[in-house]
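Line order of the protein sequences matches chains Z and L.
Reminder that position 86 of the first sequence reads as 130 in my numbering, one-by-one numbering, no gaps.
Reminder that position 29 of the second sequence reads as 39 in my numbering, one-by-one numbering, no gaps.
Careful: at least some of the hints might be erroneous.
[Claimed, not checked] Just a few of them, taken from the derived set where beta-carbon distance is under 10 Å, the chain L residues facing chain Z:
id, residue
1, Tyr-46
2, Phe-145
3, Pro-154
4, Met-155
5, Arg-158
6, Tyr-163
7, Phe-167
8, Ile-173
9, Tyr-175
10, Pro-181
11, Leu-200
12, Pro-206
13, Glu-209
14, Leu-213
15, Glu-218
No lab work stands behind these hints, which were simulated from the structure alone.
Glycine included, each C-beta is placed from N, C-alpha and C at the ideal position.
Listed here are the chains, written in short residue letters.
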Amino acid sequence: MSEKVETITMQENGKDATFHFLATAGELRKDGQLTRWVEDHDILLYDYEGEIKAVSNICCHFGGPVGYHKAEKGVFTCLWHNWQYSGKDGSCLTHPGFPLRSYELKVVDEKIYVNLLG
Amino acid sequence: MKTVTLSCRCEAEADCPKEVILWNYYDHEHLVGTHYKHYSEVRILAEREDWALAYHKKKMPFLPISTTGFAFRYIDKNVMKTFHRDSIGLSLEQDTEFFDLPNDRCKVVVTYYIHVYPIFKIFEPLFQKLFRKWFHEVWAEDMPMRLRRWKVYQLGFKDFGGIEYINKKLPKPEHLDVPKYEFHPPLVSLPKVKSPEGEQRILTKSVELGYHD
Chain Z
45 MSEKVETITM QENGKDATFH FLATAGELRK DGQLTRWVED HDILLYDYEG EIKAVSNICC
105 HFGGPVGYHK AEKGVFTCLW HNWQYSGKDG SCLTHPGFPL RSYELKVVDE KIYVNLLG
Chain L
11 MKTVTLSCRC EAEADCPKEV ILWNYYDHEH LVGTHYKHYS EVRILAERED WALAYHKKKM
71 PFLPISTTGF AFRYIDKNVM KTFHRDSIGL SLEQDTEFFD LPNDRCKVVV TYYIHVYPIF
131 KIFEPLFQKL FRKWFHEVWA EDMPMRLRRW KVYQLGFKDF GGIEYINKKL PKPEHLDVPK
191 YEFHPPLVSL PKVKSPEGEQ RILTKSVELG YHD
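This is chain Z alone, in the form it adopts within the complex:
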């Protein structure tokens, strides 16, 4: 469904890990958050209090887009049914027990890469 993207391989805990290009730091700075499909993962990338983070953009409820609205006070509100998630750790604030999966990131020369398996 999604196009092949640039990847880099890095050592993680003594093992090789593949990171896919997600966005540039400049793209992220524009709104402080963005969403992008990479290899059939819909990823929400954002700046949380100066730290770059990424979680799944797929709401646990019915699959809505968590990052459709710009976050307010570090909280994301899914467009479809208003489920809210914390930017701190992806936990669901309105329906505890339904957290968003987080992604490991690497920033290399202003480029942000994501580990789809990490």
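Given the coordinates of chain Z, work out where chain L should sit on it, guided by the hints.
Here is chain L on its own, set in the frame of chain Z:
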């Protein structure tokens, strides 16, 4: 007093099975989410497998006023019938028909009816113009939701569960065994929408960054 019926027929095609559109039409809670600019409150008063009675508060289309109202909706095979009654006295009936098309596509035909005194028959062209506009605006607002729902379903999404290979940090399976999309009303809803307070919209305004699908 004798009345006449004004009607307006609209249709559109979609790149997803009709069951996805049925799901969207029967989802009351999305009114205060997806349609947050129009609806501020919704409550399911009663619901069974093939019918539902809902209360809502919304901004009237094309008019600068808000109104409360009730909608009774039932499903009979491929037809969904809806009866709206608003506090300003407006009664509207809506027949929505769903047709399969090849290659997981479908066609939806919506016919709106409003019963008025005969003198208002001259306003039928205006009624048709307004309701065609309303149909296409709402269709455009809902369509990304339906296509995304269909997309994540094909990736193995399960309600209240998500997508297994994403959640478990596994490689995406080479073959995903996804069953045919089925629609089984009522949708699983959360207790709040059926409580006396109902479901309220959270955002009144927003910086929308969009879907990017």
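Ascending list of hint numbers which this structure does not respect: Violated: hints 2, 12.
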